[in-house]
Amino acid sequence: MERYTLSVLVENNPGVLSRVVGLFSRRGFNIHSLSVGTTNDPHVSRITIEVNGDALTVEQVSKQLSKIMEVIKIKTLRDSEIVKRGLALVKIKVTPKTRSEVIEITNVFRANIVDISPNTLTVEITGHERKVNAFLDLVDAYGIEELSRTGMTALERGANILKLDK
Amino acid sequence: MRMTGAEMVVKTLEKNGVEVVFGYPGAANCPIIDKLSLSSVKHILTRNEQGAAHMASGYARVTKRAGVCTATSGPGATNLITGIATAYMDSVPMVALTGQVATPLIGKDAFQEVDITGATLPFTKHSYLIKDGLDIPRVVNEAFHIAETGRPGPVLIDFPMDLLKAEYDYPDEDDNVSIRGYKITGKANESQVKKVAEAIKSSKKPVILAGGGIVISDAVNELRKFVKETDIPVVSTMMGIGVLPGDHHSYYGMIGSHGVKRANMIFNRADTVIVMGSRLGDRTVAHIKGLEDGNKLIHIDIDPAEIGKNVQPYIPVVGDIKDVLEQLTPLMSGYKAEKEWVRETEELRARFTHEPFSEDNGFVNPKYFMTVLSEKTHSDAYVSTEVGQNQIWTANNYNFKTPRAFLTSGGFGTMGYGLPAAIGASVAAKGEKPVIAVMGDGSFQMDLPEMGTMAYWDIPVKMVLFKNGRLGMVHEHQFLLYKANYQAVNIEGTPDFEMLAKAYGFNTSTVKENSGVGKAIDKMLADDKSYLLVVEVNPFEPTGDVLNEAPLPRKEDN
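These protein sequence lines are chains W and B, in that order.
Sequential numbering of the first sequence, starting at 38, is according to the numbering used here.
Sequential numbering of the second sequence, starting at 1024, is according to the numbering used here.
Derived from the structure by calculation, the hints contain no laboratory data.
Source: prediction; values computed, not measured.
Glycine included, each C-beta is placed from N, C-alpha and C at the ideal position.
A portion of the hints provided could be inaccurate.
Said to hold, decoys possible - Among chain W residues calculated to face chain B with C-beta under 8 angstroms, some are:
1) 101
2) 111
3) 116
4) 118
To be verified - Example chain B residues on the side facing chain W (calculated, C-beta under 7 angstroms, incomplete):
5) 1207
6) 1209
7) 1327
8) 1373
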């Protein structure tokens, strides 16, 4: 099993996401992570889906997705071909004694502190899944009060772009 | 021009050449029903929305055009669901028009509200919920385009009733449909087609598996030409029945778990299988692994997602089979299938074809009945079936000679399909050919109120009812797999079917012996109205030729 990232350009219509996600559950494919947002064209959204599977399964996913009318374009990418980022917001338990340690770790990871209270620090960390996991493993010792993570979003490396046919 | 939403719907239906809408009214689709009455489009009232969907499907299978059905919101819409799913699984073009509660009430659990676009998402080719009445002409045009092109399928449009009633300035007409996310498969890749030709030429034992795609793509003549030139033996799926005449010297019958033994054996002995327009479903090919390992599989389909979905092919070809055959046939000039192989298939035909039992023994042999029915109709009829033993008896014993003559729920296996599908076919056939609905006493009772539709609209359907007081196929299944523990399959004590048909004004008769079959069929076909012929069948009559034969494709058969 390998990790693939599907970059899917879709019409920015209501209901598109349920068509895409419904297809995965209906056909027994698993989504590892998912993120959605509009592109520079307001009529077009990009859905980035990470899936685990062999090449044939992923090809089948992609072909089934292509059949959705509102799916305009799909590209299947391997990890080596893309830059991929996810974001996490972590509320970490701190005491006056541990606060500076947590800030230090945050700085090492080039993460940002976005909120602070007497007993907590909320950190925003962006990056590849592995980097975010490494950060979470470290701060887990202090106590993670709450965690919210996004799916991965990705773009192909180099000059290649996923273009719409005019 | 000022126009209501419903007027725009009807106007666009007319523009798309729609002659008939099968439907059932309710508050939410009433604006459409109202405007249909003022148009050239006929509305045929059914007895259940499910019947409307199946009628649209039967109509579509005969005409190649999208069948249209309509239902109101909520339960009306959900009653369409089985019909829509049936159409989806057999790639039948259909446009379903549902009423929806008024826009401000959507999401409020209003009376008769259901999220029908959500409910039908898995088995529609596409669906729309109208948000702006001005979109109506474009959406209806798109729906027909999507339903009828590429791999056909059902499209549902949900119309909130306030938008159907509101008035709009009819938008500037532009009927050209352009959907950037809709990719219709074009011509196949030349080099792939060349590879196919080479693979066939280098094979010793090629066989063609003809699927429903050949029917849908209107490639029957191209296939017949290809077979005539190459002599390659042909077997078919259930949806492919009729692409070659049943008695054609190169045709060996249907394969699969309910196929005929000779076809399955030929399929298994082949070293190269050319699959044309079939998705290789589990009822067609039971042992997929053997197929991948044992022989070279060439898979030609218009839908790229079908390639590699169930079986990994040796040579995949994405293309419309009509185009592919046009590309392939010239490459095969001079080629003939090896005589030795053709002789082998002929031997199998001789060994595994037997005349059906036709002596009198207190029951009618349904297989014999179907052979007589073919002769009496000269194979020139539309024959629909339900699902169960009646379907398989028809598939394997009626001599279909043309495509689109066998109307059956192959993929979804929907009981209650055959009678309404026959009604739709009869409306489409306009009396040109007899329409025969072959049913069992279980499936008949699923949609029998549609006899009311036949009676009211004077739509002639010849109903052949194989009566054995059982849900025959499950009965057989329980015999084979549940140690004859017959449960929930005995439906004796059902109504007197003849009296029931008479109540609708139809003539009827019953046949109990093989010797009476010919006369009974003559009488049925001579009647100019709908007719019920009850055919008494032994509850232990097997689906296949001999009990336990059920010839699943297996390597061991070789």
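These are the hints, each one checked on the structure:
Residue-level restraint check for residue 101 of chain W holds (minimum Cβ-Cβ distance to chain B is 5 angstroms; threshold 8 angstroms). Taking 8 angstroms as the C-beta contact cut-off toward chain B, the hint placing residue 111 of chain W at the interface is violated, the least distance being around 10 angstroms. Interface hint at residue 116 of chain W: violated, since its Cβ lies 23 angstroms from the closest Cβ of chain B, which is beyond the 8 angstroms cut-off. A cut of 8 angstroms between beta carbons decides the hint on residue 118 of chain W: the least distance to chain B is about 22 angstroms, and the hint is violated.
Given the 7 angstroms rule on beta carbons, the hint for residue 1207 of chain B is violated: about 11 angstroms separates it from the nearest Cβ of chain W. Restraint check, residue 1209 of chain B versus chain W: the minimum CB separation of about 14 angstroms is more than 7 angstroms; hint violated. A cut of 7 angstroms between beta carbons decides the hint on residue 1327 of chain B: the least distance to chain W is about 5 angstroms, and the hint holds. Interface restraint check for residue 1373 of chain B: the shortest CB-CB distance to chain W comes to about 41 angstroms, outside 7 angstroms, so the restraint is violated.
Going through the hint list in order, the structure does not satisfy hints 2, 3, 4, 5, 6 and 8.
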